[in-house]
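Student: Spelled out, the chains give:
Protein chains: 2
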Amino acid sequence: MDDKKPAEDRDLVEPVEGEKYFHYYPQLVAVIGVMHNGKTNFAPCAWSTGLSYNPFLFGVSVGKDRFTHGVLTESDAFTVNFLDFHHFRLVRSLGRSSGAEIDKAKEFNVSYAMGKKAAAPVMDAAYYALECRKQEAHCFGDHTLFVGAVVLMHVSRSLAQAPILNTELVSPLLYLGVDHYITTDKASRACLKDLPFHYKRDKRR
Amino acid sequence: MDDKKPAEDRDLVEPVEGEKYFHYYPQLVAVIGVMHNGKTNFAPCAWSTGLSYNPFLFGVSVGKDRFTHGVLTESDAFTVNFLDFHHFRLVRSLGRSSGAEIDKAKEFNVSYAMGKKAAAPVMDAAYYALECRKQEAHCFGDHTLFVGAVVLMHVSRSLAQAPILNTELVSPLLYLGVDHYITTDKASRACLKDLPFHYKRDKRR
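Protein chains in written order, with the numbering used here: chain A, 117 to 321; chain B, 117 to 321.
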């Protein structure tokens with residue numbers, strides 16, 4: 117895209133009540149795992165983010181009209197599971213169904229084991245998973261942000277030695293909105309870690 | 117990655133105080149724009165997420181030790197700017213410098229215009245930008261989540277007609293951590309929107 121064009125080549129759009137907007141996607145998909153009344157529930161979440169390094173806090177935002185919202189509200193723990201792109205059909209099925217109606221793990225053959233430190237299910241297929249103790253919940257508009265303290269990480273052995281994701285081994289699952297999925301172009305990966313910083317006073321912050 | 121392997125092929129890692137973890141990346145980069153005491157400031161943010169559809173709320177998480185944290189705390193407005201992958205060097209420079217020491221817009225030739233509805237700078241290069249009125253701020257560990265009510269969107273005209281991003285026209289800028297960047301593989305894009313939902317009671321939620 118030629119962004120040398122003047123900014124006037126942009127439309128100005130006021131958000132309209134009831135409309136949803138997706139141009140700030142793609143977002144990495146996280147699948148939330150929770151155990152409630154003896155039944156597991158798995159729900160994909162595109163609105164998730166790190167919230168703190170120290171302590172390690174991670175947030176997942178869930179719509180108030182979702183079944184998952186109710187079970188997360190009543191649970192003390194949840195997991196966050198990251199899946200390779202080739203699972204996009206499973207993730208879409210998990211997203212376009214409701215734990216109020218079916219047992220998603222049975223219906224979609226999701227294999228899992230209970231967490232070691234948090235009472236929530238960890239998906240076997242995840243290349244990376246976070247066991248979280250629910251720390252707090254904040255209502256923002258029509259969603260609630262559930263904040264988890266990460267108590268244990270599951271990392272595929274082939275990935276664990278590198279500090280960042282090996283995109284030769286994993287193709288992370290990204291969501292574009294409206295049931296569209298995409299992954300990364302590993303050939304595009306660029307590293308600038310050996311360039312000097314621009315800080316004048318501190319070498320690194 | 118062969119995720120048919122049993123889950124025992126994963127390492128279990130307890131988060132260590134002071135360590136940072138990046139296996140839940142890539143995350144889309146958003147550049148936060150703010151105006152403070154007559155000077156603009158631009159800072160990339162990988163920890164950003166949608167928070168509500170209705171009203172349209174968007175959150176950016178900023179480390180408490182950052183200059184941007186101070187100016188966001190004192191400001192009533194900010195912008196969120198999304199840039200094509202080819203700007204990764206600029207974004208890295210914006211992230212590895214501090215508005216406490218330099219005027220980043222001057223130093224790195226960032227052209228911008230002030231928002232129409234929020235008193236914060238919108239980057240000319242952005243294919244999509246949100247003007248936000250700061251609504252609230254929540255401290256989570258070593259970061260603060262600043263919550264913005266989106267009052268105006270700037271959308272590149274060539275993208276505005278489609279509800280989701282046209283990945284033939286834009287290569288979104290994703291951050292892997294530790295100064296590594298990557299973008300999407302447009303050939304991988306998959307659409308499942310015409311498949312039936314699995315809901316039994318509701319056709320769509």
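Treat the hints as calculated values from the structure; they're not laboratory data. Some hints here could point you the wrong way.
Copies of the same chain look alike in the list, so a pair counts if it fits in one copy or across any two.
Unchecked claim - Using 25 Å as the maximum straight-line C-alpha spacing, the simulated DSS-like pairs for lysine-lysine come out as follows: (1) 250 to 180; (2) 232 to 155; (3) 136 to 233; (4) 250 to 233.
Keep in mind that this is a model prediction, so the values were computed, not measured.
Student: With 25 Å as the alpha-carbon cut-off, assign the pair residue 250 and residue 180 to within, between, both or neither.
Tutor: Both: 17 Å inside a copy, 22 Å across copies.
Student: Could you place residue 250 and residue 233 in one of the four classes (within, between, both, neither) given a Cα distance threshold of 25 Å?
Tutor: within (12 Å within a copy, 37 Å between copies)
Student: Within, between, both or neither: how does the pair residue 136, residue 233 come out at a Cα-Cα threshold of 25 Å?
Tutor: Between copies only: 20 Å across, 37 Å inside.
Student: Evaluate residue 232 and residue 155 at a C-alpha cut-off of 25 Å and name the case that applies: within, between, both or neither.
Tutor: Within. Shortest intra-copy distance 17 Å satisfies the 25 Å Cα cut-off; inter-copy 50 Å does not.
Hint compliance for this structure: no hint is broken.
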